[in-house]
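Enquirer: Residues per chain are reported as follows:
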Amino acid sequence: MNEIDIKKEIQKDRRAFIKNVLSGAIAGSLLVVIPAGAALDERLPEQIPGMRGDKSTFTKKRFAFVVDVTACIGCGSCCVADKNEYNVPDGNYRTWVERYVIDDHDGVFVDSPNGGLDGYTKPRTDIPHPVRDTFFVPKLCNMCEKPSCVQVCPVGATYKTEDGFTLVDQKRCVGCGYCIQACPYSVRFLNPVTRTAEKCTWCYHRVRKGLLPACVNVCPVHARKFGDLNDKNSEVYKILREPHVISVLKPGMGNQPALHYLGLRREVV
Amino acid sequence: MNAAAHGETLAAVSNYVFPNDLHVHWSLMIVLYPYITGLVAGAFIVSSLYHVFHIKSLKPVARFSLLFALAFLICATWPLLNHLGHPERAMSMMLTPNPTSAMAGFGYIYSAYFIVLLLEILFIFRPVVVELGKTATGFKKRLYGILSIGSDNVSVKALKLDHKIIAFLAAIGIPMACVLHGYVGFIFGGIKANPLWATPLMPLIFLLSACVSGIAGIIFSYILIMKVSGRKIDVDCVQTLIQFLWGFFILDFVFEMLELFSHFYMATHHWHTLEALYSGPLFNTFWVYQVGIFSVIPFFLLMIMSLIRFKDSLLLFFAPIVSVMILLQVLLMRWNVVVGGQLMSKSERGATTFHPMWFEKEGLLPAIIIMIAPVVILWFIGKVLPFWMDKDSAEAA
Ligand code: SF4
Ligand code: SF4
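Residue numbers (my numbering), protein chains in the order written: chain X, 1 to 269; chain E, 1 to 397.
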């Protein structure tokens, strides 16, 4: 990685970094002196054990993502980190956060202005009855075991890696939009600049370097968790093994997501 | 706690659309694509009714329908290419297709069908072409030389062989036309994520509406061209076409309604969304226009025209009107399926809106150009291959 790249990376990560520091997540590492010269990813501490040494095309890991609905505070940091990481064009979303408000007449009010990018700083004022419950639900690619997007892509531009990532090859994509129609979770969009399909990748490029996805990295309340299910010490492994209330989105679609929700409510689609 | 007591907490109080669902990605071009392929398949069926099923009264339009089908088939890929973000990569669909993709098959089905249609046209027109080649000069002479597939043998024996080949091509052409259009229906019907599309009836409805639009297209253009060129219209032929149109339209309309009724009757949680769609954003284009005006009226008109033998002038007055109505019905149906399906968000809680613009890449103007193109192409084809058999060439054939 040359110097310009490093600067760019630091630029991109700065906000994430500061957020983490503020939230205390890596406050302890603030004083760590980063040795100059080594590639950025080498200088940051490894966040996914065993990734740095693994140079095989596909790792033997089985990645899973867990979103803790009960923890999310709707700050939108993840959305900001994502937009910065990928330069996502306005009006399109690789990830977003939804706000659910349920009143005491069981009316369910959902919104996600600008995908939650600006954070939910003001309460909704249009709820007719007293609010009985409210929560936030972050959304991203479900990295389906049986991805409809991969099934329908006519040229194989959308494909699945052996370690469970569904990715888009921008050099092959013809921009037909079929995958956008097929994804039950609407996580895909057609990038108006590249004219190809795009979606959340769980930050494959970071993961390959042993770093957590950008959104996971910045979440101040640790509502987004990522790890390897083959690693019995990983948090995601433990959560999925223990008797929690866990669900996936639209299980009836048969896509078998690798994205799990802790404390998911039945109101969530 | 009424709703919650029944697990019914999905009440769509707020119109919530997933942020990425605000865009309608498949717009006018994808409305036109099944419309054009439908016209092709339908016109081919008309020609086969004569060539395979020997409905003699359709003889006047049997050749014309093939040329009509060819003109539209030539343009069938245009809306697709205009729609693609990277049309320069379109060939990878055929060179490196993904076998699990419903879309990847289109190139193959399209090409195969193109070849069959072209061959059938060449064989049918061979005697005419040989005849025309005799009197033509210069470029036209060479063109006719090519079109006669290198043989100017029009002996009785040679023509008999031709007829066998034609019958064979027309026969395999029917299942291929059905596959072509049933398959287009499957491109939508196979998308489980979209409750409006995901029904096994989709290929059938697409196919039936294709037949309907093709027949209507032939009736309209036949009467129009004859009127404009001052030739005599074969009333028997029009009457027969009207009867077939009615027959196919009964099936088409009934299945369209049955599909909706099944959704309503089964009332799965998808019905929530569909109901909101049909009573909201699609109310006008579906209930008022597609069903109310352009299905019910033509349905009864066709019924009366089929059961009662109208005076010739009356028949020739109503036939083009009813045909245009049917053509619009099918166009509306394509719109309601393609665009309508994308209006409901996969959030199951709301709908987005869509208004086509005039001058976008996939806007109204390009759509109109693409719909006019086949007509222009047909006109050029008509300069080379005569639509109708005049006395002389009929005798020669
Ligand atoms: S969530 Fe959508 S884009 Fe992601 S893998 Fe599943 S079908 Fe594909
Ligand atoms: S838009 Fe691209 S990735 Fe999506 S189905 Fe078409 S070619 Fe494949």
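Any given hint could be a false lead.
Claimed, not checked - Quick list of the computed label-pair ranges, beta carbon to beta carbon: (1) X:Q256 <-> E:S279: 29 to 35 Å; (2) X:E46 <-> E:L258: 35 to 41 Å; (3) E:S262 <-> X:P45: 55 to 61 Å; (4) E:V254 <-> X:F58: 50 to 56 Å; (5) E:T353 <-> X:V193: 20 to 26 Å; (6) E:S151 <-> X:Q256: 58 to 64 Å; (7) E:L258 <-> X:P113: 36 to 42 Å; (8) E:L258 <-> X:L229: 42 to 48 Å; (9) E:K192 <-> X:P130: 37 to 43 Å.
Honestly, the hints are just simulated from the structure, not real lab data.
Note that beta-carbon positions come from the ideal geometry of N, C-alpha and C, so glycine has one too.
Enquirer: Between S151 (chain E) and Q256 (chain X), does the beta-carbon spacing fit 58 to 64 Å?
Expert: Roughly 60 Å apart at Cβ, these two residues keep to the hinted range, so it holds.
Enquirer: Does the hinted range 29 to 35 Å hold for Q256 (chain X) and S279 (chain E) at CB?
Expert: Since the Cβ atoms of Q256 (chain X) and S279 (chain E) sit about 34 Å apart, the hinted range of 29 to 35 Å holds.
Enquirer: When you take the CB atoms of L258 (chain E) and L229 (chain X), is the distance between them in 42 to 48 Å?
Expert: 46 Å Cβ-Cβ, so the 42 to 48 Å window holds.
Enquirer: Is it true that E46 (chain X) and L258 (chain E) lie within 35 to 41 Å of each other by Cβ?
Expert: violated (60 Å)
Enquirer: The hint says 36 to 42 Å between L258 (chain E) and P113 (chain X); measuring C-beta to C-beta, is that right?
Expert: holds (41 Å)
Enquirer: Please check whether V254 (chain E) and F58 (chain X) have a Cβ separation lying inside 50 to 56 Å.
Expert: With a Cβ separation near 52 Å, V254 (chain E) and F58 (chain X) satisfy 50 to 56 Å, so the hint holds.
Enquirer: Is it true that the C-beta distance of T353 (chain E) to V193 (chain X) lies inside 20 to 26 Å, as the hint says?
Expert: holds (24 Å)
Enquirer: May I ask you to test the hint 37 to 43 Å on the CB atoms belonging to K192 (chain E) and P130 (chain X)?
Expert: 39 Å Cβ-Cβ, so the 37 to 43 Å window holds.
Enquirer: So does S262 (chain E) sit 55 to 61 Å from P45 (chain X), Cβ to Cβ?
Expert: At roughly 58 Å between Cβ atoms, P45 (chain X) and S262 (chain E) fall inside 55 to 61 Å, so the hint holds.
This entry does not satisfy hint 2, going by the numbered hints stated previously; all others are met.
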